[in-house]
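J.: Residue numbers (the numbering used here), protein chains in the order written: chain A, 864 to 1089; chain B, 864 to 1089.
Quick caveat, the hints were computed from the structure, so don't treat them as lab data.
Hints are not guaranteed to be accurate.
Remember, identical chains collapse to one label, so a pair may be satisfied in a single copy or spanning two.
[Unchecked claim] Simulated pairs of lysine to any residue, SDA-like, Cα-Cα distance not exceeding 20 Å:
hint	residue 1	residue 2
1	K998	W895
2	K998	V1012
3	K998	V1018
4	K998	D963
5	K998	D956
6	K998	R1016
7	K998	M978
8	K998	E1027
9	K998	D1011
10	K998	R957
11	K998	G946
12	K998	W875
The model shown is predicted, which means the values in this text are computed figures rather than measured ones.
Protein chains: 2
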Amino acid sequence: MIIGFDADDTLWHNEDGFQASQREFEALLAEWGDADTIEDRLFEIEMRNMPRYGYGVKAHTLSMIETAIAVSDGQANAALIAGIIDMGHALLDRPVELLDGVVEVLDELANLTLMLITKGDLYHQLARIDASGLKERFWQTEVVAHKDVATYRRVLGLHGVEPERFVMVGNSLPSDVLPVMALGGRAVHVPYHVTWSHEQHTGDHDAPVIESLSDLPALLTDWSIR
Amino acid sequence: MIIGFDADDTLWHNEDGFQASQREFEALLAEWGDADTIEDRLFEIEMRNMPRYGYGVKAHTLSMIETAIAVSDGQANAALIAGIIDMGHALLDRPVELLDGVVEVLDELANLTLMLITKGDLYHQLARIDASGLKERFWQTEVVAHKDVATYRRVLGLHGVEPERFVMVGNSLPSDVLPVMALGGRAVHVPYHVTWSHEQHTGDHDAPVIESLSDLPALLTDWSIR
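Using the sequences and the hints given, assemble the complete structure.
T.: Next comes the structure, spelled out in structure tokens:
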């Protein structure tokens, strides 16, 4: 069996940084709208830019700048825009902070074959993987643009992994759980304490949900995988 | 034998669009400096941001915004910044324009195993590959963050290609030619009519240089590869 791990918000913190940055962004634009208005406008602009930009901090930064210009009706000045660029740099430079228990769980599963499959900006994701210190624990690490059925099929095929021999572990239902189950693999849902609006999903699924990655070894034992 | 192709400026035009955009950028900032001053400042800021941003249009757009704020000493207004964001969108939305003769050459080499190995922003490169209409001609397509020896070793290994059985074809000496030769593979240099300063290289090498991709089939025949 091969165990696949998502990275952002599964192995290390991510979304909390985006949300803190969003609060800062709302404060920066407070004279032109309340937090909800600014948040809605940013989300709308991010979704409109998604097909063009994809995911990641650079996309997010450009959408924040566009939002600042839009909500201020062109009044945002260079100092404010420079502040947004600095917020983007801070998100990119943020140290990798592992979730509690991650190292212990990976230690415990060291005799299994582990993959890391993460979605987003290629450069930033590779930098995060390097900075995590976890790279050598994984047989393969893959940065993908989308986590859909076609991508999992391609990535698993590339490494000769049959879906029946694959378990994906992650915090996102639409990205980590549903496509892998659709392909005939197994999945484990480990919710993170906050979820980006774009990744929120309320559909039914019968994947097990665990509260923390620390519960994964026992679950794999139940499944006779270890 | 496996033939690898670079994409930007080897199969389709790319750098000419960046250079046209740069002329537009210089015109936009003309009141704060001459073209050379602005070009130098942009290049300096792009290189400083490179480890953080990597390659691609989003990175370039953010660096243009930062440059505009710097050279204007904070006088660049929201309309100007919005214009830069639009320039980025135009670069991302630009249709894929194949270089002359590309389709005919790929037709002629259709009985060989072809790979596409391109460097840059994951989302934009995948969109370009899709839009090119060429994807099905390649056995494998890979988007990588860097084209260095380690990356070629990883990608070739992943697909079971020995360097001795690999020829890389591309317009960049440091990205397409030198690392593949260092690995024991062969390379063919097809210069594009303009080269980004960052990819300029004056080192020695003994890879054949061809004027156009249309000369590739004859060269491969000389090498008894087809």
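J.: Against each hint, give a clear statement of whether it holds in the structure.
T.: How the hints compare with the structure:
1. For a Cα distance limit of 20 Å, the shortest separation of K998 from W895 qualifies neither inside one copy, at 44 Å, nor across copies, at 46 Å.
2. Taking the closest pair of Cα atoms, K998 and V1012 come within 20 Å of each other only across two copies (19 Å); inside a single copy the shortest separation is 25 Å, beyond that limit.
3. Within a single copy, K998 and V1018 get their C-alpha atoms as close as 18 Å, and across copies as close as 17 Å, so both meet the 20 Å cut-off.
4. Only within a single protomer do K998 and D963 lie at most 20 Å apart by alpha-carbon distance; the minimum there is 18 Å, versus 42 Å between protomers.
5. In this assembly of identical chains, K998 and D956 lie within 20 Å of each other by CA distance solely inside one copy; the values are 19 Å within and 35 Å between copies.
6. Taking CA atoms no more than 20 Å apart as the test, K998 paired with R1016 passes between copies only; the shortest distance there is 17 Å, against 23 Å inside one copy.
7. With identical chains, the CA atoms of K998 and M978 are at most 20 Å apart within one copy only, with a shortest distance of 10 Å there and 27 Å across copies.
8. When the C-alpha separation of K998 and E1027 is checked against a cutoff of 20 Å, the pair qualifies neither within a copy, at 25 Å, nor between copies, at 29 Å.
9. For the homomeric pair K998 and D1011, the shortest alpha-carbon distance between copies (19 Å) is at most 20 Å, but the shortest distance inside one copy (23 Å) is not.
10. In this assembly of identical chains, K998 and R957 lie within 20 Å of each other by CA distance solely inside one copy; the values are 18 Å within and 36 Å between copies.
11. In the homo-oligomer, the alpha carbons of K998 and G946 never lie at most 20 Å apart, since the shortest distance is 33 Å inside one protomer and 41 Å across protomers.
12. For the homomeric pair K998 and W875, the shortest alpha-carbon distance inside one copy (13 Å) is at most 20 Å, but the shortest distance between copies (35 Å) is not.
When held up to the earlier numbered hints, the structure conflicts with 1, 8, 11 and fits the remainder.
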